[in-house]
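Q: Okay, here's what each chain looks like letter by letter:
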Amino acid sequence: MSRLLGEGRRARSFRNNISGYDKQLNFAVGALLLIGTLLVWAATRQWFASQGLDPQYYVKRHVLNIIIGLLLAYGTTLVDYRLLRAYTPFVWGAGVLGLVAVLIPGIGSTINGAKAWISFPGGFTLQPAELAKIAVIIGMAMLLAEARDKDSAPSHKDVMKSLVVALVPMALIMLEPDLGEALIISAAVIAIIGVSGAPSRWVIGLLLVGVLTGFVAVKAGVIHEYQVKRLQSFVNPSADPQQSGYQLRQSRITIGSGGIIGRGLFNGPQTNGRFVPEQQTDFIFTVAGEELGFLGSGFILLLFGLFFVRAFAIASRTTDIFGRLVCIGVIAWFAFQAFENMGMTMGLMPMTGVPLPFMSYGGSSMFANLVGLGLLQSVHLRSR
Amino acid sequence: MNQRSRLSLIVTQTLVLSLMLALFGRLFFLQVASGLKYQSAALSIQSRDIVNPAIRGAITDSSGIPLAMDRPGMQITVNRSAVDELPDKGSAVFAQLGKLLGMSAAQVFTKTRLCGELAIGQRSGCWNGTRQQPIPLTKLATEAQALKVLENPTIFPGVDAAPVPIRSYPALAGENAAHVLGYTGVVTDADLADTTKHFYRNEIVGKSGLEYVYDNYLRGTPGVKTLIVDRKEAITSVSQNTSPTPGNNLVTHLDARLQSATEAALASSVKRSRSLGYHADSGAAVVMDVKNGAILAMASYPTYDPNMWQKGLTTQQAKDLFSTATGVPALSRAIQGEYAPASTFKALSIVAASSAKYNLNALYDCPASLKVGTQLFRNFETKSQGHINMTEAIAVSCDTIWYQIAFDQWLKDGGLSPHPSLNDYFFNAARGFGVGKKTGIDLPGELSGRLPDRQWKQAYYDANKNFFCNYTKRAKPSDLTPYLIAIAHENCLDGNKLRAGDAVNFAIGQGDTLVTPLQLTDIYASIANGGTLWKPQVAKAVITPKGEVIKTFSPVINGKAPVTKSDIAFLHTALRAVATRGTAAGVFANYPIEVAGKTGTGQVLGRNPNGSAKDDTSWFASFAPAASPRYAVVMMVSQGGFGASVSAVGVKDIYSALFGVVGNKVDPAKAIFPSSGPSAALPKVDPKYAKLAAGTVTK
Numbered sequence: 393m394s395r396l397l398g399e400g401r402r403a404r405s406f407r408n409n410i411s412g413y414d415k416q417l418n419f420a421v422g423a424l425l426l427i428g429t430l431l432v433w434a435a436t437r438q439w440f441a442s443q444g445l446d447p448q449y450y451v452k453r454h455v456l457n458i459i460i461g462l463l464l465a466y467g468t469t470l471v472d473y474r475l476l477r478a479y480t481p482f483v484w485g486a487g488v489l490g491l492v493a494v495l496i497p498g499i500g501s502t503i504n505g506a507k508a509w510i511s512f513p514g515g516f517t518l519q520p521a522e523l524a525k526i527a528v529i530i531g532m533a534m535l536l537a538e539a540r541d542k543d544s545a546p547s548h549k550d551v552m553k554s555l556v557v558a559l560v561p562m563a564l565i566m567l568e569p570d571l572g573e574a575l576i577i578s579a580a581v582i583a584i585i586g587v588s589g590a591p592s593r594w595v596i597g598l599l600l601v602g603v604l605t606g607f608v609a610v611k612a613g614v615i616h617e618y619q620v621k622r623l624q625s626f627v628n629p630s631a632d633p634q635q636s637g638y639q640l641r642q643s644r645i646t647i648g649s650g651g652i653i654g655r656g657l658f659n660g661p662q663t664n665g666r667f668v669p670e671q672q673t674d675f676i677f678t679v680a681g682e683e684l685g686f687l688g689s690g691f692i693l694l695l696f697g698l699f700f701v702r703a704f705a706i707a708s709r710t711t712d713i714f715g716r717l718v719c720i721g722v723i724a725w726f727a728f729q730a731f732e733n734m735g736m737t738m739g740l741m742p743m744t745g746v747p748l749p750f751m752s753y754g755g756s757s758m759f760a761n762l763v764g765l766g767l768l769q770s771v772h773l774r775s776r
Numbered sequence: 251m252n253q254r255s256r257l258s259l260i261v262t263q264t265l266v267l268s269l270m271l272a273l274f275g276r277l278f279f280l281q282v283a284s285g286l287k288y289q290s291a292a293l294s295i296q297s298r299d300i301v302n303p304a305i306r307g308a309i310t311d312s313s314g315i316p317l318a319m320d321r322p323g324m325q326i327t328v329n330r331s332a333v334d335e336l337p338d339k340g341s342a343v344f345a346q347l348g349k350l351l352g353m354s355a356a357q358v359f360t361k362t363r364l365c366g367e368l369a370i371g372q373r374s375g376c377w378n379g380t381r382q383q384p385i386p387l388t389k390l391a392t393e394a395q396a397l398k399v400l401e402n403p404t405i406f407p408g409v410d411a412a413p414v415p416i417r418s419y420p421a422l423a424g425e426n427a428a429h430v431l432g433y434t435g436v437v438t439d440a441d442l443a444d445t446t447k448h449f450y451r452n453e454i455v456g457k458s459g460l461e462y463v464y465d466n467y468l469r470g471t472p473g474v475k476t477l478i479v480d481r482k483e484a485i486t487s488v489s490q491n492t493s494p495t496p497g498n499n500l501v502t503h504l505d506a507r508l509q510s511a512t513e514a515a516l517a518s519s520v521k522r523s524r525s526l527g528y529h530a531d532s533g534a535a536v537v538m539d540v541k542n543g544a545i546l547a548m549a550s551y552p553t554y555d556p557n558m559w560q561k562g563l564t565t566q567q568a569k570d571l572f573s574t575a576t577g578v579p580a581l582s583r584a585i586q587g588e589y590a591p592a593s594t595f596k597a598l599s600i601v602a603a604s605s606a607k608y609n610l611n612a613l614y615d616c617p618a619s620l621k622v623g624t625q626l627f628r629n630f631e632t633k634s635q636g637h638i639n640m641t642e643a644i645a646v647s648c649d650t651i652w653y654q655i656a657f658d659q660w661l662k663d664g665g666l667s668p669h670p671s672l673n674d675y676f677f678n679a680a681r682g683f684g685v686g687k688k689t690g691i692d693l694p695g696e697l698s699g700r701l702p703d704r705q706w707k708q709a710y711y712d713a714n715k716n717f718f719c720n721y722t723k724r725a726k727p728s729d730l731t732p733y734l735i736a737i738a739h740e741n742c743l744d745g746n747k748l749r750a751g752d753a754v755n756f757a758i759g760q761g762d763t764l765v766t767p768l769q770l771t772d773i774y775a776s777i778a779n780g781g782t783l784w785k786p787q788v789a790k791a792v793i794t795p796k797g798e799v800i801k802t803f804s805p806v807i808n809g810k811a812p813v814t815k816s817d818i819a820f821l822h823t824a825l826r827a828v829a830t831r832g833t834a835a836g837v838f839a840n841y842p843i844e845v846a847g848k849t850g851t852g853q854v855l856g857r858n859p860n861g862s863a864k865d866d867t868s869w870f871a872s873f874a875p876a877a878s879p880r881y882a883v884v885m886m887v888s889q890g891g892f893g894a895s896v897s898a899v900g901v902k903d904i905y906s907a908l909f910g911v912v913g914n915k916v917d918p919a920k921a922i923f924p925s926s927g928p929s930a931a932l933p934k935v936d937p938k939y940a941k942l943a944a945g946t947v948t949k
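Chains as they are written, first to last, in the numbering used here: chain G, 393 to 776; chain P, 251 to 949.
Since the hints were made in silico from the structure, they are not lab data. A few of these clues could be false.
Here are the computed lysine-lysine pairs in the DSBU-like style, where the Cα-Cα straight-line distance is at most 35 Å [as the list claims (entries may be wrong)]:
#1 G:452 / P:389
#2 P:801 / P:723
#3 P:815 / P:796
#4 P:361 / P:541
#5 P:796 / G:507
#6 P:864 / P:796
Some chain G residues close to chain P (C-beta under 7 Å, calculated; not the full set) [to be verified]:
#7 513
#8 563
#9 589
#10 647
#11 662
#12 665
The following label-pair restraints were derived from C-beta to C-beta distances [to be verified]:
#13 G:498 / P:356: 43 to 53 Å
#14 G:497 / P:438: 38 to 48 Å
#15 P:257 / G:775: 43 to 53 Å
#16 P:278 / G:413: 55 to 65 Å
#17 G:775 / P:268: 46 to 56 Å
#18 P:345 / G:516: 34 to 44 Å
#19 P:278 / G:775: 55 to 65 Å
Every residue gets a Cβ at the ideal spot worked out from N, C-alpha and C, and that includes glycine.
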């Protein structure tokens, strides 16, 4: 019977499918995408023009990334996420392979000190860590939701298996090294284990291990010097005034100078003078801060807030444990990444190179974000 | 969903939403609470001001002769943006420039560095402007040097020569007036930090004297070109571009010729004093219009060349300005020198005696000395003058009369156990004439002198009691004489009490009383004009370069001296008698101008650095013409000796210039002012200067 119902749902028309989405979630993401596009344009047009380059170079590619991402998202919602379980080993395996590949000289390319990208001909690059995030979330959700009653907690064995699934890609990401992505995955791991109903000593234990690992990593020099510098310059921005300290200071000034109503789109002198490096990617929020002011940046925060409220609603409503854990993983990922990114631009968090979901320029991240959206909508569609 | 997992979901939800709230709060703090701070920080990151200096207004004398003005100079500048692009970063250019301008290449290098580029401690001479602005190496280049730079752009890439205004004190009548005019200099970081002033970096501002006080009028508004730059310091746009507005001209009451004559008279008095064997370390002279408090001339000795600053002060010159070995030329003795007024103070003692109902026409005994308590107070020349009236007492400067009166009054006030209600005639008279209070002249740094009344005595005692009571332990070995130890012991016991000795010393302007030469001039001007104490003013008016009057400074009354008409009449007669048959009679014998005045020879405690005892302060305070006074003239020579032979002669020299006295006759054609006195009309500013002010700076 249930199988038949499932078949019936899968046979829904495209129109029905679209109308079944959580509209507020789509509105939030749509608005973030639109504002993000304008901000990427604002961040790059004048500087590129002054260098004699095409001022629309970035915005064109950004729009293309969004289109590809939306197609991926749509594709994700078409697939019954429950069937994904079957493919989980492949998704996870592909992610791990990609992470191994970037470490091989000749394939991986280094940007900003991290060997995190695979370059393709034509200037396209792929960041396997973004794919790995999804692989870890689905993999863990599958292991922790499998073969148990609705009310029973996962066994210690399940938790340990799921941790292995998470730790392999995380270790590879730490080798790149990409501290930011590793932290995001940790957040997702802890959230999934927590919501899975596993004994709380797992959650507490993992939090302690995370803190200890970070401490040991800094002390033992596993973390690269540039990362230590970034951390130092967070605590004391004048410690490294030329590099990351400069970036953090400029970032804060740029946001602060926007005031309440902002300098107007395309009119930010800090943005147009390119005083914040990497502004179209990790520092895109500073463009909003300067040009759109407190009203515009606050609106962006509200959109993220709306996104999380709707995502939590989906997670609470579904009766399927696997679906809920996927949702929680995606939420933790986006929440931590958004907080880390915007917090960094405002001097609340140390500097790690993570993009702002749905807004920063960058293909891999955009694809992964929109697939994440697709997963949420997919759970939503099938929980009604 | 089991309980634990539901709880975890709620915890996660709360956590995520509080993260968002934290971001919102931080955003509010940055953009709303501290928005303005970050806006100005952003502006300083993006904008670079290029300041095009305004021509500074002239300071002229009352007839329009410029005492301070901008004159065309030739400036050699280095353009850092161009020089930095050179393969050797400009080191060859710096070597060439050093050779051309007589500096070392290292000096040129330092001068062209932004201060932030150099290590702390090596910043002397650095440029505190922006990189975009051409950085000046010198403003005093010769035409030949400028031509060499302009004609050889391949040897001097990025170097330019252009005319600029430079501050100059032309001394057209031979005047110096350094202490009155002050000087200008580049604005300091402290000035820039002062938000009440709107200075631009590298602007030239007044640092002292009139240049400082009237800086807002004189400075003008520099032209400012604000460039918006990007991260690579490339100029992206020009946000504002204003042309400079020249500053306004300040017309003073000074007269260049009178100033010059006053300075010469002071210098020759110092010289005369030295030839008589006195130290004569410094001096001051002031000429005031008694009808309105206008300062017509004000001199201080020693002085310095005010043009020194424009040439760039050497370390030695800077040291010399404040060195006691050179007499601290930076100090303006007229307003910053405090000395005991000595017998010139007796004019105020007359007022005190009159208010204590002494008959000024009665006869008083002037013995050679007077015993007050256990101490013997002597007449100045230790000579008895017999029975004399008060006019004679002033003329011959009898001290003992005043000892007696002051002692009697001190006793009447209760002596060492003062009555609750005190007459204090002497203190009240002095206070009424402004002793111990600044006159409020429009020059910076004026000192107030000292009125050593009962309150001062108590305050001084409170501050120094410990020293007096431990004198043998704390004093310098050279000060451990039995006499000084005895005094210290006395001071320790009841130093807060006004003793008879204090009272009698005060009556003859000695003891702890101090006045500045300007204060004494103001006092004598008030005696001359019937009791009006003016606020002395140097500035007369501010006029635009085109001649429109912006502001005139009307006379300001500080107060009315506590004198009656009969006191004034008596003083005019008595002070005139000083010059006809008294202590200054020898100086003014056969002099065609009727001068009324008082000599003063002030004893000074203490020793010079070489161990010699300090010589007396020589004073002459006066007004003229005695019948209808117009001018008050005071001269003081520190350690100058007798009042008559040094300062009175100097004052006579000033009157000679003022009234045009040649030999024993007055030549009205040579007088500085017409017989009606200084004109209230405003002059036309010299056309040569007007042309300069309009912006035609040409070589």
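Q: Decide, hint by hint, whether the structure agrees.
A: Going through the hints against the structure:
For the hint linking residue 452 of chain G to residue 389 of chain P, the alpha-carbon distance of about 54 Å lies beyond 35 Å, and the restraint is violated. A threshold of 35 Å between alpha carbons decides the hint, and for residue 801 of chain P with residue 723 of chain P the separation of about 59 Å lies outside it, so the pair is violated. Among the hinted pairs, residue 815 of chain P with residue 796 of chain P is inconsistent with the structure: their alpha-carbon atoms are about 46 Å apart, more than 35 Å. Between the alpha carbons of residue 361 of chain P and residue 541 of chain P the distance comes to roughly 52 Å, so the proposed pair goes past 35 Å and is violated.
Distance check on the hinted pair: residue 796 of chain P and residue 507 of chain G sit about 72 Å apart at the alpha-carbon level, beyond 35 Å; violated. The suggested pairing of residue 864 of chain P with residue 796 of chain P is violated, with an alpha-carbon distance near 53 Å, which exceeds 35 Å. Hint on residue 513 of chain G is violated. Least Cβ distance to chain P is approximately 31 Å, over the 7 Å limit. This hint is violated: residue 563 of chain G has a C-beta 25 Å from the nearest C-beta of chain P, more than the 7 Å allowed.
Interface restraint check: residue 589 of chain G against chain P, minimum CB-CB distance 4 Å, threshold 7 Å, status holds. Annotation: residue 647 of chain G was flagged as interfacial toward chain P, and the flag holds, the nearest CB pair being 5 Å apart, inside 7 Å. At about 5 Å, the closest approach between the beta carbon of residue 662 of chain G and any beta carbon in chain P falls short of 7 Å, and the interface hint on this residue holds. Because the smallest distance between the Cβ of residue 665 of chain G and any Cβ of chain P comes to about 4 Å, under 7 Å, the interface hint for this residue holds.
Range check, residue 498 of chain G to residue 356 of chain P: Cβ separation about 51 Å, and the 43 to 53 Å hint holds. Distance hint for residue 497 of chain G and residue 438 of chain P: a CB-CB separation of about 57 Å, inconsistent with the stated range 38 to 48 Å. Taken as a hint, the range 43 to 53 Å is violated for the pair residue 257 of chain P and residue 775 of chain G, whose Cβ atoms sit roughly 21 Å apart. Checked against the hint of 55 to 65 Å, the pair residue 278 of chain P and residue 413 of chain G fails, with Cβ atoms roughly 33 Å apart.
For residue 775 of chain G and residue 268 of chain P, the Cβ-Cβ distance of about 26 Å falls outside the hinted range of 46 to 56 Å, so the restraint is violated. Range check, residue 345 of chain P to residue 516 of chain G: about 53 Å between beta-carbon atoms, so the 34 to 44 Å window is missed. The hinted range of 55 to 65 Å is not satisfied by residue 278 of chain P and residue 775 of chain G, whose Cβ atoms lie roughly 37 Å apart.
Of the numbered hints stated above, those contradicted by the structure are hints 1, 2, 3, 4, 5, 6, 7, 8, 14, 15, 16, 17, 18, 19, listed in ascending order.
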